[in-house]
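Enquirer: Assemble the whole structure, with the sequences as input and the hints as a guide.
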Amino acid sequence: MRVRFPMKHIAWMLGLLVALKAAAPAATGVEGGSLNPSSSADHWAFQPVRYPQVPDQAGGRSGSQSAGASVNHSPIDAFVLQRLTEKGLTLAPEADRATLLRRLSFDLTGLPPTPEEVASFVRDPSPAAYERWVERLLASPAYGERWGRHWLDVVRYTESQGFEYDRLRDNAWHYRDYVIRSFNEDKPYDLFIREQIAGDVLEPITRDGIIGASLLVCGPYDEAGNNQANMTQRAITREEEMEDLVSVVGQTFLGLTLNCARCHSHKFDPISLADYYRIKAVFDGVKHGERPLATPAESKAREDRLAEWQRMSGEAKGVVDRLEHEGRFRAAARRQPQAAVVPGPAPYRSWNFGKSDTTPMGGRLHGGAQATDMGLRLAGSGAFFESDPLDQEIREKTLEAWVDLQGLDQRGGAAISIESTDGSVFDAVVFGEREPRRWTAGSNGFERTRDLGADAEDSGAGTWIHVAAVYRADHSIAVFRNGAPYGRPYTPDGRLRTFPAGKSRILLGKRHTGGGNPYLTGAIRHAALYDRALSAEEVAASFRGGDLRVPLEEALAELSASQRAEREAALERARRAREGLAAEEPVPVSYAGTRFQPAPTRQLRRGDVRTPGDVVTPAALPAIQGLAFEFGLGPEAPEAQRRLRFAEWLTDPRNPLPARVMMNRLWQFHFGQGLVATPNDFGRSGSRPTHPELLDWLASAFVNSGWSIKSMHRWIVLSATYRQASNPPGAGPDTAATASAFAKAMAMDAENTLWWRFPPRRLEAEAVRDAVLAVSGQLNRTAGGPSFRPFEILRFPANAYQPVDKVGAEFDRRSVYRMNVNSGKEPLLDAFDCPDPAVKTPRRGVTTTPLQALSLMNHPFVQRHAALLAERALDEASGEIPEAINVAYRRALGRPPNVKEAAQALAVARERGLVPVCWALLNTTEFVYVR
Amino acid sequence: MSADPSPSNPWIHGPAPVLSRRHFLSNTAGGLGGVALAWLLHRDQARAGTGGEPGVLQRSARAPHFAPKAKRVVQVFCCGGVSHIDSFDYKPALERLDGKTLEGKGENLGFFGQPGRVMKSPYEFRQHGQSGAWVSSLLPHLAGCVDDLCFIHSMFAKSNNHTPATFQMNSGFTLNGFPCMGAWLSYGLGTENENLPAFVVLPDPRGLIAGGSINWTSGFLPANHQGVPFRTQGREPIADLNTPESVPAAARSADLHFLDTMNREFAEAHPGDSAFAARLRSYELAARMQVSIPEATNLDAESEATRRLYGVDKEANKGFARNCLMARRLLERGVRFVQIFNGGAFGSPRINWDGHENLKENHDTQAATMDQPVAALVQDLKQRGMLEDTLFVWSTEFGRGPATQGIGSTGRDHHPTAFTCFLAGAGIRKGFRYGSSDEVGYFVAENQVTIPDFHATILHLLGIDHEKLTFYHNGINRRLTDVHGEVLHGILT
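Each protein sequence line maps, in turn, to chains A and B. Everything in the first sequence is counted per the numbering used here, starting at 1 for the first residue and increasing by one. Everything in the second sequence is counted per the numbering used here, starting at 932 for the first residue and increasing by one.
In case anyone wonders, no lab produced these hints; they're calculated from the structure. Check the hints yourself; a few may be wrong.
[Claimed, not checked] Chain B regions said to be covered by chain A (calculated; three or more residues, Cβ under 8 Å):
no.	segment
1	1042–1053
2	1147–1157
3	1203–1209
4	1303–1309
5	1402–1412
[As the list claims (entries may be wrong)] Once the Cα atoms are required to be at most 16 Å apart in a straight line, the calculated EDC-like pairs of lysine to aspartate or glutamate come out as:
no.	chain 1	residue 1	chain 2	residue 2
6	A	K710	A	E185
7	B	K1000	B	E1370
8	B	K1051	B	E1370
9	A	K900	B	D1191
10	B	K1036	B	E1292
11	A	K187	A	D177
12	A	K287	A	E243
13	B	K1051	B	E1292
14	B	K1089	A	E240
15	B	K1249	B	E1235
16	B	K1036	B	E1370
17	A	K900	B	E1196
18	A	K87	A	E636
19	A	K503	A	D391
20	A	K900	B	E1199
21	B	K1089	A	D186
22	A	K287	A	E239
23	A	K267	B	E1377
24	B	K1089	A	E239
25	A	K710	A	D186
26	B	K1051	B	D1078
Glycine included, each C-beta is placed from N, C-alpha and C at the ideal position.
Expert: In structure tokens:
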């Protein structure tokens, strides 16, 4: 039989193949050129990808003839058949429809097909039915969840720091969603690579790019080691971190263990010590940490909007303050004409608290602070008021507040403070901080603070005290209490600080942002900031004026109609500004790492930070022939340039490794074993490909498809090689022939390295759990967002995670949305070989252990879902036990029970109910294996 | 069936698609392990000659490389960093230098980097036993055991930071995710009792050590080799051991029979797939574990004298004492590696040996939990003849510095460049001291012992050449000892 390809009924494939052949010479641009006959050139993996001659394969196998010879073979099959034919073997016949759909469904989505889906597929034997299913599954959101999980294994994705503290990474999930989204969108793999290396600096900068580069930091981080006092040990910690980073890049994209060359040139591969440090230099500016998830354009637009709202709010408040002050002053003068009231000075900003007060607050309450009739109530720990940012620069100034202290033994709370918005610089009127019961002018690091030696405060609760601090241009400071000097004015060592416009604010109740702060307990009626240093007389006048306590209504009555209208208009502007600010959503942050401009990178002898050697320049790997490995960048090249150039080098079509390595992963996740058995090591100590031409054909087709992963899935799952049965059929006209072919193949190639059958595979931990949820009907398909947390956190203060079987829809989401932490293992997933997140796992182990059996037998999750499956089956069978058994089998195994099984299950159900039947189904080998 | 062993490593490649003797045995995991497995594998591989991938090759050559002295190991790990100069490493010079500045030691090695003044030990040192080993008044019970112990006073750790140093003591590497020693032993030797896990971990009842399960992970080794943490309190000794209370025993037994029928028929219908047969076997072993684990952990069977020896009923140390006693029962029943943690995670109040603030107060509290039960374990193993073929290991991640942590403090900071551990039992010289630190216990003075040396020696006693017990992972044939390690022949009998 002559093998025909491509499959003529699939237009896109035909198109692709034409494109492929046309493009073939381009893909082999290096071929025929002068290859450097050095040691690197003769290793297969470093050779350029060559578009291979697809074998013109004569069938020559009895199996396919007798099986009907109706299968259209693809190039993949031609390569496989070529090797099989050499050994006198053939492909196995196609698997039966139910088995095939279950295999395809788990393979592409990690979920079982429903009984209805199986039934409709079995009913429709046309080739197009299978192809439609392939398309449908590839288009399902579950596809990205499935293949994204594979990718997360490779890149050692974790949602906790590991090491001593093992703190949670609340915002790492953006990367998980990015990976899932990228697979679902069929993002071109070269772009996927570029984003994960340098997405944050790849123009045009996108959110996906920023998140993608999380790959560099999604592994463990030694927080304690990075913050310790010993500098040598700290540098060692950093070197270990960089080895992790370089190795994940090398293994994931190149299939090379670059990390081996940290201490000595690679023993097997052409990777020198210098190569390692050149590549390390590419990434030396990458640090762990969170970053805002906004493109530069988004950040700028947001900042502009915020500034405008704040400007508007500040302007309006200024108008209101000015008019109300004028009204109060006039009213006070009218009440007490004989008192010769000195006009109190007008503040730059003031804050009045009281229920009847309609003045805009100009800020926010925190920690249970309340605005009441009796002023701003501050009940202690955590309660404070924070003003909007100040819209003008403040240098010399006066801080003033009316305070009612609740308890004189409290320590360190501030009546009023002006601070830079990061809390690093502040001036404040503080009570009882260093000297008990005394006021001081507090400041950052006590730079402008001096103990005043004044009298201890003795006014009890319910008494309003007026405090003020004046900061003069000559750097001197004077503190006042009830209008009188409090201690002597002084000139501190620290100079007067400037509080910049837009980056400063007023706090009432605490000294500054950050640090372990004490809080003021009591009430504040009125507080003001003056943008100048008041004289002693002005402070005294303010004290007296404030004491007049003119009600707002009385003050407003003093204003003219136009002034009142002006005030109303300003209040309206303030309200609009407040609404505008409230509508601005906070910028999300992601654990995507931060960047800095690193010092020139030095080689380290034996990888030891104590023996630095020569400076190196950022570069790629010279072992890849035909590609410039040097970027022309100096040792001080901008951080971003290094990664951009490295990403270009990686995704250059002449670089043979990324396409080969990815196609091998694809093959492995479909067939359980790669064409190269060591997926992260294509070097000399790794395995050689069993089918090198097939691997190169896949790699060529991949690049020529525009790096489309979904296209390559199609080639693979539509091949006859993929569609083979895994075992000899139990009955049928060809039984004898295929059974004998099976026995012969088994004798010749027990390991199935020639792919003469489809290898059965145990489901991965997550797929087992997801399948249980799917068959019991509980699977919650909510996609994306923060992970569910099936554990309790024992804080001490390091985190330890106690796995807990939590019940609720949130916990019935797919396992890829489980928060995957380092220091706590979930027994069920663990028993099914779910790896440590910190380990780069290109291929999971598969063990069969008594602990695994115990987990599946007794884990409350399995118990619960067995009962739910029983309930569901009974429901769907309208309470008929035999039919319910039928439903349960079809849900769990994708097939009805045979006569014998049905009888056994019925006996069990009659005696002990349907739950034990469902429990047993979830425990069967057939349930946890795909054939 | 192929008589020729496959060219691929079943541990790397997942389920063997085809039944071969070695695959069947291997995939049965902790099941058919032990001496018989080692022998069978050895025989099969020897017959087949060499070939295939590095992992297989090394595996075939691994066990036993020579006659083992020890069949099993118990390791006590005291977390937080036990001060060597206040326990076993007597430094009279500290009394002379008390209150003075420490000179000539280079960069401050402490974690917090607050140099203080030399502080003499708050404990009194005396010589004990025939061997005359110095032990401080901190540990009176262990002082009574010195003639059975072999001290190493020249231990050297790579990190001054708890978790990396702890990881190094457990796995040979300072990073997350490398297989721990117990996992290597399980991988290398299997178990003597298929009804119990090969590698059992007994966490301190006061709390888990920082890093939790990272400290007993199998890393990239197959998951069946990882440590199984036993709960020393509560209903179930291990997770999911018990049949749920809602399921009557007779019913579960019938359910298992039904399941067995299904799995058996499936395996018979797929004769080429050994993993299916292995699954049948795993359910048999699971059922046996349900009996053997409660039996092994039932301390009620112990005599009153034994319980008193360990101090099981003493308030100060009862949880940890129970673990020590349980360790002996597990070892008796063939568990390959038992790891007992003394101390939990870092924080306040301290539940480990991390005496930064006040060394004496901290070490007094910790010693009260550790001293008697550990001494009892040594004595108990000895009186039962088990020390003959059991290796006893006492370890900590690093020591503590001779100067205070900050001037005026009474605490000591971390100290990785010289500290003490001790061994006892199979193949170990009794009443012996190896290596020494300088006059203030700051640097090693002679016979430095690195963690890889320590590990190489432990493997050696189990009959394993540490350079040959390897596992291929992402391009490297990994070893417990990385590329280092020298067996300490000087401490061997």
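Enquirer: Each hint: holds or not?
Expert: Structure-based check of all given hints:
no., hint, verdict
1, 1042–1053, "holds (count 4)"
2, 1147–1157, "holds (count 8)"
3, 1203–1209, "holds (count 5)"
4, 1303–1309, "violated (count 0)"
5, 1402–1412, "holds (count 5)"
6, K710/A to E185/A, "9 Å, holds"
7, K1000/B to E1370/B, "35 Å, violated"
8, K1051/B to E1370/B, "12 Å, holds"
9, K900/A to D1191/B, "14 Å, holds"
10, K1036/B to E1292/B, "27 Å, violated"
11, K187/A to D177/A, "13 Å, holds"
12, K287/A to E243/A, "13 Å, holds"
13, K1051/B to E1292/B, "15 Å, holds"
14, K1089/B to E240/A, "12 Å, holds"
15, K1249/B to E1235/B, "14 Å, holds"
16, K1036/B to E1370/B, "12 Å, holds"
17, K900/A to E1196/B, "11 Å, holds"
18, K87/A to E636/A, "58 Å, violated"
19, K503/A to D391/A, "8 Å, holds"
20, K900/A to E1199/B, "15 Å, holds"
21, K1089/B to D186/A, "45 Å, violated"
22, K287/A to E239/A, "12 Å, holds"
23, K267/A to E1377/B, "33 Å, violated"
24, K1089/B to E239/A, "14 Å, holds"
25, K710/A to D186/A, "6 Å, holds"
26, K1051/B to D1078/B, "26 Å, violated"
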